[in-house]
Amino acid sequence: MSNIIKTYEPDNSLKKGYLSIFKEIFSEIRKNRWLTYQLFKRDFFAMYKQSFFGVFWALIIPLVSVGTFIILNQSGIFTFGDIEVPYPIYAVLGMAFWQLFSTGLIASSNSLVKAGSMVVKINFSKKSLVIASSGQSIISFLIQFVLVGILFACYKIVPNIAILLTPITLIPIILLMLGLGFILSLLNGVFRDIGNALSMLITFLMFLTPVLYSKPTGGILASITKYNLLYYLVSAPRELILMGKVSEWKGFIVSSIISIIIFIICLIIFHLTETRVAERI
Amino acid sequence: MNDDIAIRVEKASKKYCKLLKRSMLYGVRDIGRNALGMSSHSNKLRKGEFWAVDDVSFELKKGETLGIIGPNGSGKTTLLKMLNGIFWPDKGKITINGKVGALIEVGAGFHPLLTGRENVYVNAAILGMTKKEVDEKFDSIVGFADIGDFIDVPVKYYSSGMFVRLGFAVAVHCEPDILLVDEVLAVGDYKFQQKAFSRIENYKQKRIPTVLVSHNLHTIRFMCDKVVVLNKGKMKFIGDASRAVQTYQALAGEEISIREQFGLNKGSNLVKIKKVEIFDLNGKKRKVFHSNEGIIVNVEYFAEIKIENPIFQFGILRDDGLPCYSGNTAMKDIKIKSIEGKGSFKVKIHRLYVNSGDYVVGVIVFNKTMTAPYGADVMGDFVVVSDYPRTGKSCPAFSVDYEWMEISNG
Numbered sequence: 024m025s026n027i028i029k030t031y032e033p034d035n036s037l038k039k040g041y042l043s044i045f046k047e048i049f050s051e052i053r054k055n056r057w058l059t060y061q062l063f064k065r066d067f068f069a070m071y072k073q074s075f076f077g078v079f080w081a082l083i084i085p086l087v088s089v090g091t092f093i094i095l096n097q098s099g100i101f102t103f104g105d106i107e108v109p110y111p112i113y114a115v116l117g118m119a120f121w122q123l124f125s126t127g128l129i130a131s132s133n134s135l136v137k138a139g140s141m142v143v144k145i146n147f148s149k150k151s152l153v154i155a156s157s158g159q160s161i162i163s164f165l166i167q168f169v170l171v172g173i174l175f176a177c178y179k180i181v182p183n184i185a186i187l188l189t190p191i192t193l194i195p196i197i198l199l200m201l202g203l204g205f206i207l208s209l210l211n212g213v214f215r216d217i218g219n220a221l222s223m224l225i226t227f228l229m230f231l232t233p234v235l236y237s238k239p240t241g242g243i244l245a246s247i248t249k250y251n252l253l254y255y256l257v258s259a260p261r262e263l264i265l266m267g268k269v270s271e272w273k274g275f276i277v278s279s280i281i282s283i284i285i286f287i288i289c290l291i292i293f294h295l296t297e298t299r300v301a302e303r304i
Numbered sequence: 042m043n044d045d046i047a048i049r050v051e052k053a054s055k056k057y058c059k060l061l062k063r064s065m066l067y068g069v070r071d072i073g074r075n076a077l078g079m080s081s082h083s084n085k086l087r088k089g090e091f092w093a094v095d096d097v098s099f100e101l102k103k104g105e106t107l108g109i110i111g112p113n114g115s116g117k118t119t120l121l122k123m124l125n126g127i128f129w130p131d132k133g134k135i136t137i138n139g140k141v142g143a144l145i146e147v148g149a150g151f152h153p154l155l156t157g158r159e160n161v162y163v164n165a166a167i168l169g170m171t172k173k174e175v176d177e178k179f180d181s182i183v184g185f186a187d188i189g190d191f192i193d194v195p196v197k198y199y200s201s202g203m204f205v206r207l208g209f210a211v212a213v214h215c216e217p218d219i220l221l222v223d224e225v226l227a228v229g230d231y232k233f234q235q236k237a238f239s240r241i242e243n244y245k246q247k248r249i250p251t252v253l254v255s256h257n258l259h260t261i262r263f264m265c266d267k268v269v270v271l272n273k274g275k276m277k278f279i280g281d282a283s284r285a286v287q288t289y290q291a292l293a294g295e296e297i298s299i300r301e302q303f304g305l306n307k308g309s310n311l312v313k314i315k316k317v318e319i320f321d322l323n324g325k326k327r328k329v330f331h332s333n334e335g336i337i338v339n340v341e342y343f344a345e346i347k348i349e350n351p352i353f354q355f356g357i358l359r360d361d362g363l364p365c366y367s368g369n370t371a372m373k374d375i376k377i378k379s380i381e382g383k384g385s386f387k388v389k390i391h392r393l394y395v396n397s398g399d400y401v402v403g404v405i406v407f408n409k410t411m412t413a414p415y416g417a418d419v420m421g422d423f424v425v426v427s428d429y430p431r432t433g434k435s436c437p438a439f440s441v442d443y444e445w446m447e448i449s450n451g
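Residue numbers (the numbering used here), protein chains in the order written: chain A, 24 to 304; chain B, 42 to 451.
Bear in mind the hints are in silico, worked out from the structure with no lab data behind them. Each statement offered as a hint is correct.
Covered by chain A, according to a simulated footprint, are these stretches of chain B (three or more residues, beta-carbon under 8 Å):
{"id": "1", "stretch": "115-128"}
{"id": "2", "stretch": "145-154"}
Listed next, with one range per pair, are the computed distances between beta-carbon atoms:
{"id": "3", "chain 1": "B", "residue 1": "Pro153", "chain 2": "A", "residue 2": "Ile280", "range": "42 to 50 Å"}
{"id": "4", "chain 1": "A", "residue 1": "Ile84", "chain 2": "B", "residue 2": "Ser181", "range": "42 to 50 Å"}
{"id": "5", "chain 1": "B", "residue 1": "Asp176", "chain 2": "A", "residue 2": "Pro239", "range": "50 to 58 Å"}
When the alpha-carbon atoms are kept at most 30 Å apart in a straight line, the in silico DSS-like pairs for lysine-lysine are as follows:
{"id": "6", "chain 1": "B", "residue 1": "Lys173", "chain 2": "A", "residue 2": "Lys64"}
{"id": "7", "chain 1": "A", "residue 1": "Lys137", "chain 2": "B", "residue 2": "Lys173"}
{"id": "8", "chain 1": "B", "residue 1": "Lys172", "chain 2": "A", "residue 2": "Lys144"}
{"id": "9", "chain 1": "B", "residue 1": "Lys326", "chain 2": "B", "residue 2": "Lys389"}
{"id": "10", "chain 1": "B", "residue 1": "Lys267", "chain 2": "A", "residue 2": "Lys144"}
{"id": "11", "chain 1": "A", "residue 1": "Lys144", "chain 2": "B", "residue 2": "Lys178"}
{"id": "12", "chain 1": "A", "residue 1": "Lys150", "chain 2": "B", "residue 2": "Lys172"}
{"id": "13", "chain 1": "A", "residue 1": "Lys150", "chain 2": "B", "residue 2": "Lys140"}
{"id": "14", "chain 1": "B", "residue 1": "Lys275", "chain 2": "A", "residue 2": "Lys144"}
{"id": "15", "chain 1": "A", "residue 1": "Lys144", "chain 2": "B", "residue 2": "Lys62"}
Beta carbons are placed, not taken as given, at the ideal position from N, Cα and C, and that holds for glycine.
Here chain A stands alone, though its shape is the one from the complex (with noise of 0.2 Å):
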């Protein structure tokens, strides 16, 4: 018999004190990879067996609304700013970016929820189900960069050599996206309001920044784009592929640090709460 010896008792994590949260949380991450997988390959055959496009529904929603925003423009309704690339390859690899923070993040907030029945019923590591849930985005980012190729094959443009750094410049953004995904699945264990709102708030998110046009220059959305870590997480990778540099890199450095923060601290608050959730959901 393996020598395991468990106790639960109320406020358990805390008598053990803060420091060894992480090396708790460490190991249990990386003891639970195979279930993580598991649990990801579940969601994403899944998701696309009985679906005629199957994966391709990745690329419905960014080539729609880039869509839209073409026809507006040409309407003059709108202006996309100024834009020295091709505003197609612009608005996709922006689409592509803010697919895999808003996506992801809808995906994880609702894991908890979504399997109610086995988080009361099996004791399993909750942090797997959240971060597996999260791993539909980077599918579908992937698929989303393959139509990216394609356009850049169209207009005969050669992305800059930069775009190998992508996977790392992408860290930041994936980090902020999995932090609130793990405390907005807890609580929305507890109000379902949060799954409701939340769909309908990252869109309307969507058009407040900088990603289907360029950084505004004057007014209100000026000043919150200034603020908006988003924007600097979007626009950073995005310019670096476009034009390999990235302007704004201080703010693209402080909003990662603050991303960074956030995960480190949802991460211990999930961890520290995920057992008041089993009794709520």
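Starting from the structure of chain A, add chain B where the hints point.
Okay, now just chain B, sitting in the frame of chain A:
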């Protein structure tokens, strides 16, 4: 902790809130306090809260099987979930020594669109198996589930029986150090239940400590060394199975518990069983009989409408739910023209034959094709003593006449 002990529960309590909105508020407050490193003061009840499990303590040694019984809502499942670590006690302490495997939910995380094969891997991962373990045990899992070619068919095309069998097959291949079993055994057909039981027996032989929650008192008697009786969250009794079952029956009211076990459908309820009385063959009302005595059962009913050609049926059931025998008027070619309003019938059972135990009479009034009952009930309890003592665990059902004809030696 003493290495011989698998589970130690010390004054464990868990509270729930009756009101959903308030529970949401408390939930956020608890999460907030825990996140900030403050104690959530969980040992006190707030407004609208109650103890679902209240001050329960016990120990389970390695190799023992513990049963948990109690009426619905007595906190059995909550206790089991705490043992599983799904949520933690609000008061007290639970110590678990070893890897816990739980048969609480079968087929958890099964996705209807995925094939059985794909689902086995997901489900096994959720239950804590490693890839290597699943690869090794895959054939054995499919064999146990007995679903043949269906393993490569999406689970949504499975019959409910196949679904449960596959889920159970995965669950029993976990090889835990400690096993927790909820009512899952109640699902599936007879053959499957037998298989499930022998698997748990197997665990028992391997001296794997087991906690079993069941409504089936026969199962509890048969399997458990020690039984906890819960009522309204409080521990009413802990000790040997027979006495625990008695305590439980006294709590629940025997008739209710039997009806629960049978899921007895009361039918259209147009005929109400008013009273069931048991007499000895001399017409004297009695409660305790010897197994070689006979009884007369007197049933009073009330039919609310006029019913043509009804069929009366009676049955004798043991307290753990074992149906011993039954008979009806159709079998004896007795035609009843019609009934309406108050009425009664009497059945004479020449000899009981059943062994020591507590019994009740089940009465059903059927329509003439015996497809739908007008009314049914379980009433009239009596006790049988026989020469065969009630050992608690494996008392055989019947006492028959027999003699040793020859005993030779060499």
